[in-house]
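Engineer: Read off the chains here:
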Amino acid sequence: MDELQVIVGCKNKEGKAQKALFDSYSYAMLLLCLRYVRHQPDAEEMMLNGFYKFFTSIAQFSYTGPGSIAPYLKKIMINECLMFLRKKDGLKIIDEEHAAELAANDSIISRLTADEIFDLITTLPAGYRTVFNLFVVEGMGHKEIAELLQVSEGTSKSQLNKARIMLQKEMRKRGMYHEE
Amino acid sequence: MKNSGDKIIRQQVDTMQVSFDKEAAWMRLQDRLESKDEKKTPFRWQWAAAAALLLAAGLWYGAQGPAENTIAVQQATPDISQPVTTPTHTNTEAPQLIVNDPVTPPPAKANGITTDRNLTRDHAPVQENNSIAETVEPPIAMEQVTPTEKNTPPPVATATPKLEVLHINTVVEEEKRERTMRNSRYAAEKINYDEIFEDPMIPKNPFKIYISRQN
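Which chain is which? The protein sequence lines are B and V, in order. Using our numbering, the first residue of the first sequence is number 27, and each one after it goes up by one. Using our numbering, the first residue of the second sequence is number 733, and each one after it goes up by one.
Hints in this document: simulated from the structure, not taken from any laboratory. This structure is a prediction, so every number in the text was calculated from the model and none was measured. For every residue, glycine included, the Cβ atom is placed at its ideal position computed from N, Cα and C. Check the hints yourself; a few may be wrong.
[Claimed, not checked] Pairs of lysine-lysine residues, derived as DSS-like cross-links and limited to a Cα-Cα distance of at most 27 Å, are as follows: (1) B:K37 to V:K739; (2) V:K739 to B:K169; (3) V:K908 to B:K101; (4) B:K114 to B:K169; (5) B:K101 to B:K118.
[To be verified] Heads up, incomplete: computed chain V residues facing chain B, CB under 10 Å, no partners named: (6) I740; (7) I741; (8) D746; (9) L761; (10) R764.
Only chain B is shown next, with the shape it has when bound in the complex (with noise of 0.2 Å):
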């Protein structure tokens, strides 16, 4: 069954293109949402209330070719995650114009597993994280980052750089980063 039936199973309300297309994304999206909300029951929940939505609004979704699914999925996790944050520490994200960029040191991160890159970015706080993980991970622009959280580019920019600081801290913490 590939994506175009399966999305038209979808809207026809058939269980097992539904099943399909859970089985498909729904590892992809979970981690995705672990990584906003960082305990997995909440993130569990998420991912089930951002494919629930997808499912009952799916007629509001057209299909354009193949990988359209995915950034369609994406952006209805990150905002169940973004209102689940919201709504439970409040994230609130200070106005913070004054940031400088600070590049991350590549040879360090490289050397890093996956798990140990999940646990640096959890310890980091909601704001923060959030920033992260929509610059970094999701590759938005500071401009689109501002328009989401309602704040100003300046802002994004400098929670985007506080973030790594606190970041390259907790490796030199845990004795993963040394000045070279």
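Given chain B, put chain V in place with the hints provided.
Structural biologist: Just chain V, lined up with the frame of chain B:
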């Protein structure tokens, strides 16, 4: 500015391994999706069923209502020799009227009352002669002044109604007399006032003059 470190992070986070029961999660999601669908379906069925029931009830009421009604009234008027109006000529009363039920108080409708009066007179026990029965039994004097009997000749007057009529007549006459006197006095006063206001020599204080004239 995106650097290669970010790219590595992006690649790495997607390869992360977590324990995840996909089937259980799917079951949960399926339950939610099905419950949403179920919520919709019985809602439509409920409306359809309710509409059908209402229609059936309406049809039954239309077909059965008047027939039962007549039977009930016939049962309720065992002695047709009584000079009272029987409700057989109208079909507007409630169809479930059970007149012989000693527990249920009769409704305060015209036909029901008529039937009840019969029962009170002939069959009903004394303690059942409640307030409704009292209001139903009108005194003869009241019946004389009802507008429905305007064209009928005055009924045979007993002692009590005659006195009442006489009393009413005297009261009316007294009131008439008083009203005539009052009107004539007002008329006189008006003329006086007019004269006073027309006369420029007299100061315009009618109250004072009125008192003086009265004195």
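Engineer: Hint by hint, say whether it matches the structure.
Structural biologist: Tested hints:
1. B:K37 to V:K739: 35 Å, violated
2. V:K739 to B:K169: The hint holds at about 19 Å.
3. V:K908 to B:K101: At roughly 93 Å apart (the allowed maximum being 27 Å), K101 of chain B and K908 of chain V break the hint.
4. B:K114 to B:K169: With Cα atoms ~25 Å apart, K114 of chain B and K169 of chain B stay inside 27 Å; holds.
5. B:K101 to B:K118: Given that 27 Å is the threshold and the Cα spacing comes to 21 Å, the pair holds.
6. I740: Hint on I740 of chain V: holds, closest Cβ of chain B at ~5 Å, below 10 Å.
7. I741: 5 Å, holds
8. D746: Holds. Min distance 7 Å.
9. L761: 5 Å, holds
10. R764: Holds. Min distance 6 Å.
When the structure is compared with the earlier hints, violations turn up for hints 1 and 3 and for no others.
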